[in-house]
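Colleague: As you go down the protein sequences, you meet chains A and B in turn.
For the first sequence, position 67 (counting from the first letter as 1) is numbered 67 according to our numbering, and the numbering increases by one without interruption.
For the second sequence, position 177 (counting from the first letter as 1) is numbered 177 according to our numbering, and the numbering increases by one without interruption.
Take the hints with a grain of salt, since some may be wrong.
Capping the alpha-carbon separation at 35 Å, the derived lysine-lysine pairs in DSBU-like fashion look like this [what the hints assert, rightly or not]: (1) Lys183/B to Lys169/B; (2) Lys183/B to Lys152/A; (3) Lys152/B to Lys169/B; (4) Lys183/B to Lys183/A; (5) Lys183/A to Lys169/A; (6) Lys183/B to Lys152/B; (7) Lys183/B to Lys169/A; (8) Lys152/A to Lys169/A; (9) Lys152/A to Lys183/A; (10) Lys183/A to Lys169/B.
Calculated from the structure, these hints are not laboratory results.
Protein chains: 2
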Amino acid sequence: MTGTLVIAGLGPGNDALVTPEVTDALARATDVVGYIPYVARVAPRPGLQLHPSDNRVEIERSNHALEMAAAGRHVVVVSSGDPGVFAMAAAVFEALEAGPTAWRSIEITVLPGITAMLAAAARAGAPLGHDFCAINLSDNLKPWSLIERRLKAAVAGDFAMAFYNPRSKARPQGFETTLDILKSACADNRPVIFARAVSTAQEDIRVVPLQETQAEMADMRTMVIVGASNTRIIHRPDLPDIVYTPRSAETGGSV
Amino acid sequence: MTGTLVIAGLGPGNDALVTPEVTDALARATDVVGYIPYVARVAPRPGLQLHPSDNRVEIERSNHALEMAAAGRHVVVVSSGDPGVFAMAAAVFEALEAGPTAWRSIEITVLPGITAMLAAAARAGAPLGHDFCAINLSDNLKPWSLIERRLKAAVAGDFAMAFYNPRSKARPQGFETTLDILKSACADNRPVIFARAVSTAQEDIRVVPLQETQAEMADMRTMVIVGASNTRIIHRPDLPDIVYTPRSAETGGSV
């Protein structure tokens, strides 16, 4: 008997951003697996087993989910944001590829969610309204040299940029280096958005010109968005500024 | 009397991907503005005026929406996917910036949606599971030279890539050039995903090795996703292949 495995995105935090297909999958699940704060967002009910686990055990969690699905359970792995963007979907597929052949008969579905950069962009205006890159600034699973290579390529292409996991206590230096690279390559007034805890009660959105940015403005709950050379700011008398990247572009700013 | 303006993302096509906050905004609207097929997704009801308009009139549509909101109406501008990704939010802000100062007092909210690249990625597995770029291949509003500059930067950074608007009858050449650039720079077996009409009844997902890709495989309803150098394929006996980009990376593939 083979069960099913759904990898579902819960969005950035507010339940009004959870898609109906994710809500429906959770209503039909026998088991929900995920990082503790994400599983805590799922309401308990009879017939549903919750399996919260700690951070940094993504492969063990994935193996557990696949084992239960192979045994006939209907398992939902929950992720924050979109499961395919720096989240659980890749971890489950790594476990699937390394695991027993029988797991390859499990019906697996990925259900997209509102990823943090799009929720953050919406709060600020439309800073990702034109070509952009998404870069995970954590060097836990890749060398810092690759992050630098990608930052320099993003600058060379005059992309807007969205940074996930910009800074943690264990990695205080990387984001400072990132800002140094940008400051040496981009105009001083390039808008940088620090969007913390988007869509939650702790939400805080700041727009800071690049030359005034400091590494301490970001933590692990912050999404950082950097405009492209043509990104603009609209000032409004009694309302927050709007940051947007127009649909039209000339040849792109100098690198 | 000042009304409100909401710029809302309807997701890629299936109503199960519309967030509750967008459904709620539509329920409270007095006026819905947008491109004909998107407005057609909103159910008529007493007290709601629908204002469908043709393609390529984004600024006129935005002016109309802002005028109505300034006159006290509760207006929702609907976009496919996410309104902040190659969609209506940037157009509304262009119109706002160029328009009368009074418009800057209008309360404007952007509600994110499931953008096509994330819906397409979910269907294929997790090809955007690590650092990636999103590029609009239409040169209607930017010079082709800028698109080429960005493609080359994306290759140099070994990013996965998501291409919006890859090809239309009026622009048959650009996507062919794009594939030529990739074929000359990337490994022959780099996975390329052609995801057409994702989440609708016409959905069609194909995974093609780069050297076998042809420009005719894409049209305006196709989202194209190109893996990074470490993107992998999992073959399954009775189920579709899974394409995913692992969370770990070494120094990145050669350019």
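Colleague: Determine for every hint whether it applies to the structure shown.
Modeller: These are the hints, each one checked on the structure:
Under the criterion of a C-alpha separation no larger than 35 Å, the hint pairing Lys183/B with Lys169/B is consistent with the structure, at around 23 Å. Annotation: proposed proximity of Lys183/B to Lys152/A holds, straight-line Cα distance about 23 Å (limit 35 Å). Proximity of Lys152/B to Lys169/B is assessed by CA-CA distance (about 25 Å); at most 35 Å being required, the pair is judged to hold. Restraint check for Lys183/B and Lys183/A: satisfied, since their Cα atoms lie roughly 34 Å apart, inside the 35 Å limit.
For the hint linking Lys183/A to Lys169/A, the alpha-carbon distance of about 23 Å falls within 35 Å, and the restraint holds. Annotation: proposed proximity of Lys183/B to Lys152/B holds, straight-line Cα distance about 12 Å (limit 35 Å). Our distance criterion of 35 Å between C-alpha atoms is broken by Lys183/B and Lys169/A, whose separation comes to about 42 Å. The straight-line distance between the Cα atoms of Lys152/A and Lys169/A is roughly 25 Å, inside the 35 Å bound, and the hint therefore holds.
Under the criterion of a C-alpha separation no larger than 35 Å, the hint pairing Lys152/A with Lys183/A is consistent with the structure, at around 12 Å. At roughly 42 Å between alpha-carbon atoms, Lys183/A and Lys169/B are farther apart than 35 Å, so this suggested pair is violated.
Comparing the model with each earlier hint shows violations of hints 7 and 10; every other hint is respected.
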